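Each chain is listed here by its residues.
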Amino acid sequence: MSSLSLSLKKDTGKYLAKYGIYIAFGILLIVLSVSSESFLTVTNLLNILRQASISGIIAIGMTFVIIRGGIDLSVGSILAFSAVVASSFAHSDMYPTIVPITLGLIAGLVLGCINGIIISRWKVASFIVTLGMMTAARGLTLVYTDGRPIINLNAGYGFIGGGYIAGIPVPVLIFVGVILLGFFALHVTKFGRHVFASGGNEKAAKLSGVKVGRVEVAVYAISGLAAGLAGILLSSRVMTGSPVLGTGYELDAIAAVVIGGTSLAGGRGRIVGTVVGVLIIGIMNNGLDLLNVSSYYQQIIKGAIIVLAVLLDKKNQ
Amino acid sequence: MEDKPYILQMKNISKAFSSVVALSDVSLNIKRGEVHALMGENGAGKSTLMKILTGIYQPDRGEIVLKGQKVRFAEPLDAMNAGISIVHQELNSILDMTIAENIFTGREPCRRLGIVNRKEMRRKTMELFRSVDMAIDPDKKLHELSVAEMQMVEIVKAISYNADIIVMDEPTSAITDREVDKLFEIIRKLTSQGKAIIYISHKMSEIYTICDTITVMRDGTYIDTKSTKELDQQKLISLMVGRNLADMYVRQPSPIGDRFLEVKNLSLNGKFKDINLEVRKGEILGIAGLMGAGRTELVEAIFGARKIDGGEIYIQNQKVVIDSPQKAIERGISLVTEDRKLFGLNLNFSVKDNMTLVNLDRYVRFGQIVKFKEEREVADRQMKYLNVKASSRNTMVDTLSGGNQQKVVLAKWLLCNPDLLILDEPTRGIDIGAKSEIYKIINQLAHDGKAIIMVSSEMPELLGMSDRVLVLHEGTITGEFSREDFNQESIMECATGFKKKRLKQTV
Numbered sequence: 001m002s003s004l005s006l007s008l009k010k011d012t013g014k015y016l017a018k019y020g021i022y023i024a025f026g027i028l029l030i031v032l033s034v035s036s037e038s039f040l041t042v043t044n045l046l047n048i049l050r051q052a053s054i055s056g057i058i059a060i061g062m063t064f065v066i067i068r069g070g071i072d073l074s075v076g077s078i079l080a081f082s083a084v085v086a087s088s089f090a091h092s093d094m095y096p097t098i099v100p101i102t103l104g105l106i107a108g109l110v111l112g113c114i115n116g117i118i119i120s121r122w123k124v125a126s127f128i129v130t131l132g133m134m135t136a137a138r139g140l141t142l143v144y145t146d147g148r149p150i151i152n153l154n155a156g157y158g159f160i161g162g163g164y165i166a167g168i169p170v171p172v173l174i175f176v177g178v179i180l181l182g183f184f185a186l187h188v189t190k191f192g193r194h195v196f197a198s199g200g201n202e203k204a205a206k207l208s209g210v211k212v213g214r215v216e217v218a219v220y221a222i223s224g225l226a227a228g229l230a231g232i233l234l235s236s237r238v239m240t241g242s243p244v245l246g247t248g249y250e251l252d253a254i255a256a257v258v259i260g261g262t263s264l265a266g267g268r269g270r271i272v273g274t275v276v277g278v279l280i281i282g283i284m285n286n287g288l289d290l291l292n293v294s295s296y297y298q299q300i301i302k303g304a305i306i307v308l309a310v311l312l313d314k315k316n317q
Numbered sequence: 001m002e003d004k005p006y007i008l009q010m011k012n013i014s015k016a017f018s019s020v021v022a023l024s025d026v027s028l029n030i031k032r033g034e035v036h037a038l039m040g041e042n043g044a045g046k047s048t049l050m051k052i053l054t055g056i057y058q059p060d061r062g063e064i065v066l067k068g069q070k071v072r073f074a075e076p077l078d079a080m081n082a083g084i085s086i087v088h089q090e091l092n093s094i095l096d097m098t099i100a101e102n103i104f105t106g107r108e109p110c111r112r113l114g115i116v117n118r119k120e121m122r123r124k125t126m127e128l129f130r131s132v133d134m135a136i137d138p139d140k141k142l143h144e145l146s147v148a149e150m151q152m153v154e155i156v157k158a159i160s161y162n163a164d165i166i167v168m169d170e171p172t173s174a175i176t177d178r179e180v181d182k183l184f185e186i187i188r189k190l191t192s193q194g195k196a197i198i199y200i201s202h203k204m205s206e207i208y209t210i211c212d213t214i215t216v217m218r219d220g221t222y223i224d225t226k227s228t229k230e231l232d233q234q235k236l237i238s239l240m241v242g243r244n245l246a247d248m249y250v251r252q253p254s255p256i257g258d259r260f261l262e263v264k265n266l267s268l269n270g271k272f273k274d275i276n277l278e279v280r281k282g283e284i285l286g287i288a289g290l291m292g293a294g295r296t297e298l299v300e301a302i303f304g305a306r307k308i309d310g311g312e313i314y315i316q317n318q319k320v321v322i323d324s325p326q327k328a329i330e331r332g333i334s335l336v337t338e339d340r341k342l343f344g345l346n347l348n349f350s351v352k353d354n355m356t357l358v359n360l361d362r363y364v365r366f367g368q369i370v371k372f373k374e375e376r377e378v379a380d381r382q383m384k385y386l387n388v389k390a391s392s393r394n395t396m397v398d399t400l401s402g403g404n405q406q407k408v409v410l411a412k413w414l415l416c417n418p419d420l421l422i423l424d425e426p427t428r429g430i431d432i433g434a435k436s437e438i439y440k441i442i443n444q445l446a447h448d449g450k451a452i453i454m455v456s457s458e459m460p461e462l463l464g465m466s467d468r469v470l471v472l473h474e475g476t477i478t479g480e481f482s483r484e485d486f487n488q489e490s491i492m493e494c495a496t497g498f499k500k501k502r503l504k505q506t507v
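These protein sequence lines are chains A and B, in that order.
Heads up, the first sequence is in UniProt numbering, so the first residue is 1 and it goes up one at a time.
Heads up, the second sequence is in UniProt numbering, so the first residue is 1 and it goes up one at a time.
Be careful, since some hints might not be right.
[To be verified] List of simulated lysine to any residue pairs, SDA-like, C-alpha gap at most 20 Å:
1. A:K211 - B:S324
2. A:K203 - B:I322
3. B:K373 - A:A185
4. B:K203 - B:Q233
5. B:K389 - B:R428
6. A:K206 - B:E330
7. B:K307 - A:W122
8. A:K190 - B:G367
9. A:K206 - A:V217
10. A:K190 - B:E374
11. A:K190 - B:K327
12. B:K341 - B:T395
Since the hints were made in silico from the structure, they are not lab data.
The structure displayed is predicted, hence computed values, not measured ones.
Chain B on its own, in the form it takes in the complex:
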């Protein structure tokens, strides 16, 4: 391990944007054939460093040495030609084009007169997929693929540039555990071919499964590089946040009260079928399942954002019809959506305007005229309560980090003072500091007697926070676990449909 040569060295890189220092004296050394984790909270400078590596930004100071030669990338194409590829967190696929077309966009193999040689393109695509032991139809359109498959296409595209170094930025943020295994297989295959992977992720379990070395960054500076074996999780977290984090999950089960919501035989054709569930005041109900199991559709249906094909919803033992989000909100239900940028926030709005959007009625007179002073006060209060890091309530939310954006979404819904708060992947893509703050808030809400439904793909989060977990598999409930018999493996077995387990009906 030690004697392997460095394939890439980034030495003393510094970068500032006008007056803001983004990187100061950061170094990163990557060996051939290793998976190197780049860790740090959001805002630590990981993305900036990777943008310098891939030629999107140029460093103010410092140098990049690639395979022993000093290089300078004036633009992304230079980096690509030098053998550095990146798989972005957000997928850049063109949905109406085929897999082959997506992979060869901008460099289609051509015959004379610029006519695209489709046969050649298909052949090369199949060859690429074969090199990672995957069989795929190159003529499939991207919109026919699952998110995980699209991710694979991106990765294959990265390989197709003959890259020696592949940067993967949160490659698993949208895929399920089973698909993660497939991804890891591919990564191992690539490293065995001598390629190096720079792996950026917030998920500890992945880091410890796949990575050989970890470099930690904090606040734009280099902290340390250690082999994964030498660095336990506790130590790693403390390096990242610069302080010791006590147990992330602060859940203290609170007394469970009356039944708030009951769902009977809820069905939505093609998404889920005959769902029965209940959630009580003060209870956190976790919903586990693989991607595509119908979790998001289920909570959206309860919130009235999807039309149901059958079933009944009872709130406090009264039958209700919820066919629009407005009705759900009136009934005291809030939904923090899975994708905050697409569905949770208005990116053109300030922190304040986002926070008060749902509950604007409370800050208007005569039904229409906004009471600006009260609105400002309430926004300031929420920012303080949730510790939103933004320069002011008038800051545009699109400039905030993921964690702070999520806090704004939470603030918005908490202003409605809901009786039932539904959280769909509440901590996806946000850093550990913000995560632990959000867990504290959820815990407090349960303590205050709110009923909470939490959909999550992160097992530690589900097990750490829930009082009870329901498992969904292909649109049906295949498992139910109470806190005493939480078991990661059995939950996974139910999620994959191997086993079924249901608690005896409690009266």
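Extracted from the complex, chain A is given alone in its bound form:
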């Protein structure tokens, strides 16, 4: 009898740990819907999504890096560099909008590749390399802009971050596209399998013929590309290519990935989890604002949730 109730309790605990993140997400939605009238409105929900889309795109890229067993601290700075590169070509009407977009993406991709090549070629800890890149890319951004924001961006460029298609903000549509692409690449392709394999046991993956070095470069390239895209969206939305954009974004992205159940040790994780993590952070920011919780307390709550999420995940293993 007692062992039965004990095992029941154990199973409940396991269940909680496994789906805790989704349950927490559900509770958060219910509580906010009940306590604030303005929460559950189409406008507000779209607003949350639009705000979440930029850090969300970064988090999707970060998911690849973390599953591969690394970390990318440079995404905020790469975002800024891409933003100013793109903005500098959206400054006048001289170029069609595709030019700043392409150049911005290339900027992110190149910096990401540099991260990946250094990490994989010389086996330097990703923490160190991307920490260096975080500083260097920020410096590069300041050099490129001479420390001044680029303003007066053209309307075509402004559409990417500020426009709507069929009533839905463009960044949200792009975010959804990135989620689908990320899901596809990570969970459906051979490449994705190799990301998991080399993150879970690099030596075993290598002995199984996986090109672990190439996979490593690829994940940082993906992360850089995602940060570049986020930079374009952000500068377009604020209509400014500011060299200080994206400061601290790496932490939000890492938090979202971790809340979503991806292991910092590598080898385990999923895109859907990251999306839920992004939404939880987004909804929390929004909901706590609506409930008039001071931004000081918001930080405490956010911090607690990150640690709690990791604890739940530990129990799950």
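Place chain B on chain A using the hints.
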């Protein structure tokens, strides 16, 4: 013998984890001064019973009587204080600390203000090693030691708790025959001091060399306790598996075909030198040698996992360059590594994902998109073919027993349909049932015309399965034996470097 009192009695122990019964009514009686073997296949409940004895688990029912007194261990420290120590199969040493520091971790002798008294610690360490007739430098870092030496440190650590009962879980799984002899000397020394040893091993020869009594467990139940003299090997195996196992080694030499691989003057500085060998289709080439003889390094070099410093590799008489595992795989070579958890498997992966990792290219479209249905089918087929016992293809491999994990590794490589299969210690740490199944598969592969290289430390396995045996000693080949002149002693002589023997070159 009979009149010696029991130092430990575990009576009618039962233990269940949620709904799974791990132990049911198991008893174990240990006498002072004896070496008591605990035998059973993986999953028989040996580890669970030992975890109860050492306080890691608490029994649901049953009692433990130690030196005539009923005891209850709420945690490992209680068991240690009561005089029960365990030497784990997996070493828990801290590699960057010295021997003395490792032995006294958590109970360093201190002066005032918590300052560690290093002198005292070194002195005590030397004393401990002297008590087992070993001289060792207590200031050596653990990473400077061989695996066998680390094992000795663990054993000395166990003794240092003034243990009366020492549990040794597969203590020889990583050490060579010569070192085993040293271990046995220490065990005899300990038993002569009245200590009791509970000895867990899959190696029959050891059991019969060192153990006085054998208790057999099967499927979480107690089967029998007999003195070693009364229980012959055949009988013991049948008690363990619950059925009579016909000859373990089913090897039927098959017709040997063309030369598949030839290695000329292969060298890797500090590991092996001027290695010449060949292996033919349908042939099983055994590689013998002591630990550190360069066997693993040699096969890893052939597989492209190590860069060579010199020499040539020919496949089907064509010179090839193999400088990465990918190239080896493309050339039809597979390597089942020695340490499956570290190098063979991805423990975060399911059975299915592990199996298809190497050969994923065959189950993708457009070079990238995984064909899930085909992948599932092939995983199910392999599971059935190799008799992998897992609840489904989606089971995580880290929950499987060693034997089943090894079958998953084999399944992975068999999916590549290799022409040359290299097996490094293919049956290490797995139970007899799975072992005999793996031997059957190897035999079948040779029959199908595969060339096979098998590195093994287990002499019966080498002699039972190989067509030819090469012996390595300190990185050079010191012996070569064909099946007709297999002889355990001469092979050992070559392995220790006493003698050299090479077959005349066959044309």
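Here is what the structure says about each hint:
With a C-alpha separation of about 10 Å, the suggested pair K211 of chain A and S324 of chain B falls inside the 20 Å cut-off, and the hint holds. At roughly 18 Å between alpha-carbon atoms, K203 of chain A and I322 of chain B fall within 20 Å of each other, so this suggested pair holds. Among the hinted pairs, K373 of chain B with A185 of chain A is consistent with the structure: their alpha-carbon atoms are about 18 Å apart, no more than 20 Å. Of the supplied pair hints, the one linking K203 of chain B and Q233 of chain B holds, its CA atoms being roughly 11 Å apart against a limit of 20 Å.
Of the supplied pair hints, the one linking K389 of chain B and R428 of chain B holds, its CA atoms being roughly 18 Å apart against a limit of 20 Å. Note on K206 of chain A and E330 of chain B: the hinted pairing holds, with a Cα-Cα distance of about 14 Å set against a maximum of 20 Å. For the proposed pair K307 of chain B and W122 of chain A, the alpha carbon gap of about 17 Å is at most 20 Å, so the pair holds. Of the pairs offered as hints, the one joining K190 of chain A and G367 of chain B holds, with about 8 Å between alpha carbons and a cut-off of 20 Å not exceeded.
Between K206 of chain A and V217 of chain A the CA atoms are separated by roughly 15 Å; this keeps the pair inside 20 Å, and the hint holds. For a cut-off of 20 Å, the pair hint linking K190 of chain A to E374 of chain B stands: about 14 Å separates their Cα positions. The straight-line distance between the Cα atoms of K190 of chain A and K327 of chain B is roughly 19 Å, inside the 20 Å bound, and the hint therefore holds. As the CA atoms of K341 of chain B and T395 of chain B are separated by approximately 16 Å, the hinted pair is consistent with the 20 Å bound.
This entry satisfies every hint, going by the numbered hints stated previously.
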